[in-house]
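Asks: Sequence:
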Amino acid sequence: MSDMQQHNVPCNSPTPCIMVSSMIFDPAITAGLEGLTVDDLLEYLYYCFPERDPARKPRYPKAFIPWMTSPPNPYPTTHAAFPGHPKCSTTGLSDNQKTHTPVGASEMRKRSQCQPKRGEWKFWNWEDTYEDWGSSDSELGIGFNTLVLGRPPPDFDNSRDCYAILGHPTTTTSLSTSIDDFDSDMGAKGQSTVNTTERLAKLRELMKQHEVDAVVVPSEDQHSSEYLAHCDERRAFISGFNGSAGCAIITADQGYLFTDGRYFLQAEKQLDQNWTLMKQGLPDVPTWQEFLHKKLEPKSKIGIDATLIAASDAETLEKELTPKESKLVSLPVNLVDVVWGEDRPARPSNVIKHLDEKYSGQSLVDKLKNVRAELEKKKGKALIVNMLDEVAWLFNLRGSDIDFNPGMSFSLLYFLIMSFSSFSLLYPVFFAYAVVTHDKVILFVEKEQLDEAAQSYLAQAHVEIQPYDAFFGYLKNLPASLNLEGDSKIILGERASLAVADALGKKTFSIIRSPITDLKAIKNEVELEGFRQCHIRDGVALARYFAWLEEQLANGAVLNESQGADKLEEFRKELDLFQGLSFTTISSTGPNGAIIHYSPDPNDCEIIKQDQIYLCDSGAQFSDGTTDVTRTWHFGTPTAEEKRAFTRVLQGHINIDTAIFPAGTTGFVIDSFARRALWQDGLDYRHGTGHGVGHFLNVHEGPQGLGTRIGYNSAPFKAGMTVSNEPGYYADGKFGIRIENIVLVRNAETPNNFGEKGYLGFEHVTMCPIHKKLVDLELLSADEKKWLNDYHAETWAKVSPLLGHDQRALKWLERECAPL
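Numbering follows numbering that gives the first Met the number 0, with no gaps: position 688 of the sequence shown is 687.
I should point out that these hints are in silico values taken from the structure, not numbers from a laboratory.
Because the structure is a prediction, the values reported are computed rather than measured.
Using N, Cα and C, we set each Cβ at its ideal position, and we do this for glycine too.
Just so you know, not all the hints are guaranteed correct.
As the list claims (entries may be wrong) - In silico lysine-lysine, DSS-like type, Cα no more than 27 Å apart, as pairs:
hint, residue 1, residue 2
1, Lys608, Lys771
2, Lys294, Lys201
3, Lys506, Lys318
4, Lys439, Lys380
5, Lys717, Lys771
6, Lys323, Lys207
Claimed, not checked - Have a look at the derived ranges for each label pair, beta carbon to beta carbon:
hint, residue 1, residue 2, range
7, Gly663, Ile464, 39 to 45 Å
8, Glu375, Lys810, 57 to 63 Å
9, Phe753, Ser509, 25 to 31 Å
Build the full structure now, drawing on both the sequences and the hints.
Replies: Printed below as a string of structure tokens:
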């Protein structure tokens with residue numbers, strides 16, 4: 000096997016170890032798991048990594064992973080090495096149950112007397128314990144009873160070993176329970192329905208106790224993040240809907256889920272009978288704010304978590320509620336967290352690293368100068384930085400506390416494999432706040448998360464570090480320490496929470512767009528060149544994937560959407576400077592393509608079919624930039640309807656790419672360029688045409704964008720900005736089409752310069768062929784055909800030199816880039 004092989008490094012085991020992606024698994028685990036063999040473990044790994052052998056049909060892992068057993072020696076059920084640790088009992092189970100039957104999570108929960116504390120990891124120094132890990136008398140050996148022990152490869156930058164996947168040594172009983180619990184928690188990541196009856200009943204009891212008539216559960220966390228740590232997925236937990244945008248309102252007798260057109264189909268599939276879907280944007284459908292004002296009874300009390308609602312939104316909402324004498328009530332605890340209880344994951348606190356200036360293009364010291372200059376213009380005495388990507392950008396730091404929510408039905412074993420593989424996935428942001436004044440800068444973060452290089456970098460810039468949880472206490476004393484006079488204020492960004500505003504006190508702050516938002520949006524030349532280079536490398540992975548997929552399907556291979564996404568990730572992992580995915584890959588075939596933000600569940604997704612449209616929207620994080628690309632393919636013979644719709648989308652894409660416009664123009668204006676061709680056929684799409692893109696940061700970034708959202712009318716394009724160009728069309732129940740490139744905003748050469756304002760245009764950096772089979776050539780003008788030929792010639796010139804090692808992909812690219 001290419002990535003699975005017998006590994007004969009010393010491991011103090013009577014049998015050989017098995018190495019998978021630099022993880023070492025000792026077959027001695029079978030001594031503690033009746034019926035679980037090395038073949039079973041490999042089968043499970045095939046389930047986790049289907050790209051290893053796509054033709055193999057894996058079993059669902061629970062067929063053998065939660066085996067109920069009473070571990071025999073040398074793995075005792077009483078962990079004497081850990082004083083006070085209770086015994087995990089299997090008393091009352093039949094011998095058959097103990098050895099052959101997967102027992103459900105609820106039954107195991109009753110049987111197991113030692114539940115691990117979630118979210119904690121135990122680490123031991125490898126050099127101190129390596130010689131003892133196979134011994135039943137050693138702490139590490141006992142911890143090994145948790146199924147797997149990982150030994151870092153020689154070049155791994157951390158000598159620590161995780162010996163307990165669950166945080167405590169445990170028998171198979173509690174291991175199995177935790178696997179089932181974890182799978183249950185992650186179930187909302189797929190497209191299936193979650194029964195919310197019990198959760199809502201508990202929530203309503205709490206509502207009575209706190210004397211509120213309704214509770215608002217927004218999508219965002221305390222930093223107004225789009226992508227969330229699992230501990231902050233409250234709206235997904237309480238409703239079962241896991242789209243990235245939406246708001247839940249729970250009253251005494253009904254649940255309401257508000258979301259936009261990107262998620263209508265997904266929400267209809269995921270919400271159970273307890274919920275009413277409110278399709279925002281459709282006629283006669285109120286926003287959630289309007290709903291609270293118009294639909295609730297007078298004098299209603301609406302419970303909120305003040306850390307999760309923007310101060311500006313709360314102020315507007317309170318004014319609207321006043322005529323009916325209703326009011327917002329800031330609750331002392333988050334009621335959803337109380338319902339979630341001990342099963343709620345802990346807040347991540349992963350390592351934070353310095354991003355070298357050869358990638359960022361600007362030092363922290365220089366960025367602080369620019370921020371303070373903007374503060375001076377706005378008569379600000381201090382700036383509160385609450386957005387995580389703004390903190391990361393300002394300090395030239397990157398972390399991994401919030402991923403792109405890969406989710407699905409992950410197993411704990413898969414989670415451990417990915418966490419301790421030789422390849423480290425690094426997602427960009429970390430939990431932190433910052434305060435910038437004219438003479439000091441404070442970063443509120445857990446210091447132990449900062450690696451040595453990051454701490455040194457911050458010290459050189461005279462950054463004061465305080466604990467994350469000290470932030471709100473610091474804010475209460477900040478106004479007095481600044482001696483605010485006249486019209487000088489503390490500056491809060493537009494998404495600063497009500498809790499931040501309350502901590503500062505009234506009349507001490509102004510809420511405006513954070514100056515960091517605008518500074519971050521305009522990339523410097525180092526960042527722009529990084530965007531160009533990372534997109535060329537990304538084009539290599541895309542060419543390899545689509546060539547591989549086409550060949551596999553032509554040869555009769557049976558591949559599902561999830562396996563396709565995994566294979567694309569495998570190709571990306573081989574690229575220089577790759578750090579991880581920028582979001583969950585949207586790998587969708589046929590009707591699933593019409594679910595705009597669809598995400599395949601590996602346990603419940605469709606087979607990729609040759610006779611259906613295949614839409615793949617994916618992206619990656621690199622040290623030198625972020626990618627986001629969508630391509631639509633057909634591996635058989637497309638219908639006339641599909642070709643016409645695709646061509647109309649392509650024409651809109653070309654219209655954006657070739658647009659020239661005066662400086663000061665907004666994406667609100669330009670958006671119609673993308674829709675014009677679709678409108679000619681009476682077609683449209685329910686999402687924006689484009690979003691800003693961060694530099695090794697959030698794949699969705701503001702303030703700029705292309706769309707009908709009114710906010711885009713207040714953010715004119717400027718040279719150096721990035722934006723996606725992604726018109727689409729979605730036929731519900733049939734197919735989805737989208738063509739997406741990332742473009743840079745650049746100064747345009749024009750024969751005239753009316754108004755002396757200057758003109759701008761776009762430079763595309765995405766390098767991946769656009770599927771010519773789906774193009775209706777009769778609809779294209781001569782200029783549009785020339786654009787497509789020129790784009791393909793550029794793609795071939797930039798990507799083909801990097802494909803010499805993959806002749807299949809090279810031949811595919813040559814064919815796809817051939818002129819019309």
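Asks: Against this structure, judge whether each hint is valid.
Replies: Do the hints match the structure? See the list:
1. For a cut-off of 27 Å, the pair hint linking Lys608 to Lys771 stands: about 19 Å separates their Cα positions.
2. A distance of roughly 24 Å separates the Cα atoms of Lys294 and Lys201; the hinted pair therefore holds under the 27 Å criterion.
3. In summary, the hint linking Lys506 to Lys318 is supported, as the alpha carbons are separated by about 17 Å, within the 27 Å threshold.
4. At roughly 11 Å between alpha-carbon atoms, Lys439 and Lys380 fall within 27 Å of each other, so this suggested pair holds.
5. For the proposed pair Lys717 and Lys771, the alpha carbon gap of about 33 Å is over 27 Å, so the pair is violated.
6. Between Lys323 and Lys207, the direct Cα distance comes to roughly 21 Å. Compliance with the 27 Å bound is thereby established for this hinted pair.
7. Between Gly663 and Ile464 the beta carbon distance is about 41 Å. The supplied range of 39 to 45 Å therefore holds.
8. Look at Glu375 against Lys810: about 59 Å separates their beta carbons, and that is inside 57 to 63 Å.
9. At roughly 36 Å, the beta carbons of Phe753 and Ser509 sit outside the given window of 25 to 31 Å.
Hint compliance for this structure: hints 5 and 9 are not met, and every other hint is.
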